[in-house]
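**Student:** Each protein sequence line maps, in turn, to chains Z and B.
Under the numbering used here, the residue at position 26 of the first sequence is numbered 26, and the numbers go up by one with no gaps.
Under the numbering used here, the residue at position 13 of the second sequence is numbered 13, and the numbers go up by one with no gaps.
Incorrect hints may have been included.
Claimed, not checked - Quick list of the computed label-pair ranges, beta carbon to beta carbon:
1. B:GLN287 / Z:SER258: 37 to 43 angstroms
2. Z:PRO98 / B:ARG150: 21 to 27 angstroms
3. Z:ASP261 / B:THR124: 53 to 59 angstroms
4. Z:GLU242 / B:SER118: 51 to 57 angstroms
5. B:ALA168 / Z:GLY202: 50 to 56 angstroms
Claimed, not checked - Pulled from the structure, derived: some chain Z residues nowhere near chain B, Cβ distances all over 12 angstroms:
6. ASP89
7. MET122
8. TYR158
9. GLU242
In short, the hints are calculated from the structure, not lab data.
By construction, the Cβ of each residue, glycine as well, lies at the ideal position given by its N, Cα and C atoms.
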Amino acid sequence: MERYFTADGIEVPAADVRRDAQGRPFGPDQVPLTTWRAPGKRERVAVKRERVARSGQPQLIVVLADTSLSMAGPRIKAAVDGIREMILDCQTRGPRGPGKSYFKVLLIRFDETASVIPGYEMVPVRDIDPDALQLEAKGRATNFQAALNLAERHLRDYLALLADHPDIETFPVPLVLLFSDGDSNRGDPLAAAGSLKKLRMGSDPVVLLCAGITEGGSSVNEDLLRKTASLPECYQRISDLETLKEWLVKVGSSGKSSAADLAALIRGTTAVEI
Amino acid sequence: MTSPIGWLVKYLLHRHFAPFGQVPPRHGSTHLTDDRVLAVDWSTNRGAPGTEKTRNEDAARWGFLATKAGPVLLLALADGVTSSSCGFWASRVACAAGLRAMEEPARRAYDEDGPGVSTHRLSTVIEAGFTGADTALAGILNRLRSEPERYWSRQEEPHLATWRYVLARGQVMETTLCLAMIDPVGIIVGSVGDSLVALRRCRSGETCDVVIGAPDEGEHGTAALRGDDTYRIPPESFTRALYATQDYEGTAALVLATDGVARHADASSLLDALCDRRPRPDGWARQSIHDLKGRGAGEDNMTMIGVTVRRAALEETGCEAQQALR
C-alpha cells in the first residue's frame, strides 16, 4: 500500500492525491509530491518536491553592485573579493565537467546609471574565470532604480523562456543581491523593487536581498534597503567588510529559493541584528 | 588524454598497489563464479548518459588473503564525492590503499590468533585500512598543493583560481569507503560515508537482516575520507558504521552498495536477490537498476558488491561474488 506525506510529515489520504501528465503525484493543495522508498522500509512515502539547483536547472544569481565613488578603496575591494569567492563557491557545487553548472550569474554595476558587466551576462558559473573580475567605483550618484529596472528586464526574459518548462515548480527561484553604502538619489527605487518582486517563477516570487554597508561611517539608507528587500529580515547590515564577503558567499551560493529560508540563513550566520 | 593528476595517481598506484589485482576488460554486469579468481580491481566512471551525473566515480576491489588460519576475503568499495574534484581517482586510491593497509595486520591477527580472532582485534584491522586510505589521499593532496599549476586538472576545474580554491579547502580527492573482511567464522565491516551496507546471517534456522549503513537522503554533508588535515575525520568516527558477527552458521550474505539508486532500494530486497541462486538472464542487473527508477531513483547509478558466504565453501577457498554496475 502506498502512503503519502507532505514535507511536514502530514499524511495525505490516497484519495486526495492527484497525478500530473507524467503520473507524478500532487497533493490536495497542488503541492507536488514525489515518492521514494526509505531504506529498510517496505512502505512508500511521498514528500514535497523542493526547488533544487542542479545542472539541468541552475539558479540565476543577480548581483547589483554599487560602484558609486563612496565605494572606492577597501569597500569595492571587499565587494570584488566577495563576488569572486561567491563564484568560486558556486563553481564547486555539483558534479564536474562541462555544462554542469548549478548556477548562472548576472552581474550589474550601478551608480548614476546601470549596466551589465561584460562576461557576466547570465553565464553558467563554471564558464567564469574568477580572477578576471574587476570593478571600479567612480560614479557620481547612486541609482537603485536603474539597477532594479535593468535586473527586472533581464529576469523577465529569463522567466519567459522557462514559463512552459515542465519542471518549473522545482526550478530554483532567481536571487537578486543588492549591496550599497549610500542612499538612492535618483528615481523611485521602491516602485522598481515592487515591480521586480512581482516576478514569479511558477508559483514563487523572485527573492530580493539587500545589504547596507555601514562600516567606517556612511550615508546608507537602511530603512529604504529594508523596504526594498523581499522581507525586512532579508536585509543585512554590513558593519565590517568581512561580513560583506561572508554575506555574498553564504547567500549567493546557498541554493535556497524562498525569502523565509534566506532570512533564516542570514539570522543563523551573522551576529548582526537586523 | 590523461590529466596531470591522472598520471600522478597512476604512477602511485603502479608503484605501490598494481601487483594486487587485475582490471576486467569491460563495463557491465558480471557474475564471477570462478574459484580461481583471487583478486579483482574494478573501477567505473560511467553514469547514466544524458543526465546530470554522467560519471559515477566508483571503485571496487577484493581479494583473498592467505593466512595460517585459512583464506580471508578482503573487500573495498568506494564512491568519489560528486562535489569533489578528482573523485574518480580518490575512490581508486582509497580501495587500493585501504586493502593494502589491512593486509599485514590481518595476516598477523589470523596467524597469531587463528580463526577465532576477537572482534576488537578485527576492528583494529578495519581501522588500519581507513587510516591507510586516508594517508594515501593526504599524500596525494599534499603533492597537488605543493605544485598546483603542475598538477592542475583542467578537465575537472577549467580555471586555475578554482583549482587553487578547491585545493585550499580540501575539496579534492574525497571519497566514501566501505571495508569488509570475511573469514570462515566471522564477518566484519566498516563504512565511512553513505554507502548501503546490509548483512544477512543464518543462525539456528532463522535469518536475521542487519542494515549497518544506509544512504543519506540529502545531497550535502556526506561523511567522506579526505586528505585534508583540517577536515580530517577524527579516528574515533572512522568507522561510522562498524558491525561484526562471529556467529553465522552455514551461510551469510553481505551487500555493499554505493548510494545513487541504492537510497531507493530496499536492503531486504537486495539480500533476497543476492540469495536467490537461480541463473540470471543477461542484463539482469541493468534491468534491476532500471526498475528502481520507478521508485524515484531517476537517472542515477549504483555499484554493488554482493557476497554470499558458505562457510564450508570458504574453508575450501570457494566464494561467489556478484557485482552489478551501471
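**Student:** Does each hint hold? Answer for all of them.
**Tutor:** Hint by hint, here is what the structure shows:
no. : hint                                    : in the structure
1   : B:GLN287 / Z:SER258: 37 to 43 angstroms : holds, 40 angstroms
2   : Z:PRO98 / B:ARG150: 21 to 27 angstroms  : holds, 23 angstroms
3   : Z:ASP261 / B:THR124: 53 to 59 angstroms : violated, 45 angstroms
4   : Z:GLU242 / B:SER118: 51 to 57 angstroms : holds, 53 angstroms
5   : B:ALA168 / Z:GLY202: 50 to 56 angstroms : violated, 38 angstroms
6   : ASP89                                   : violated, 8 angstroms
7   : MET122                                  : holds, 18 angstroms
8   : TYR158                                  : holds, 21 angstroms
9   : GLU242                                  : holds, 17 angstroms
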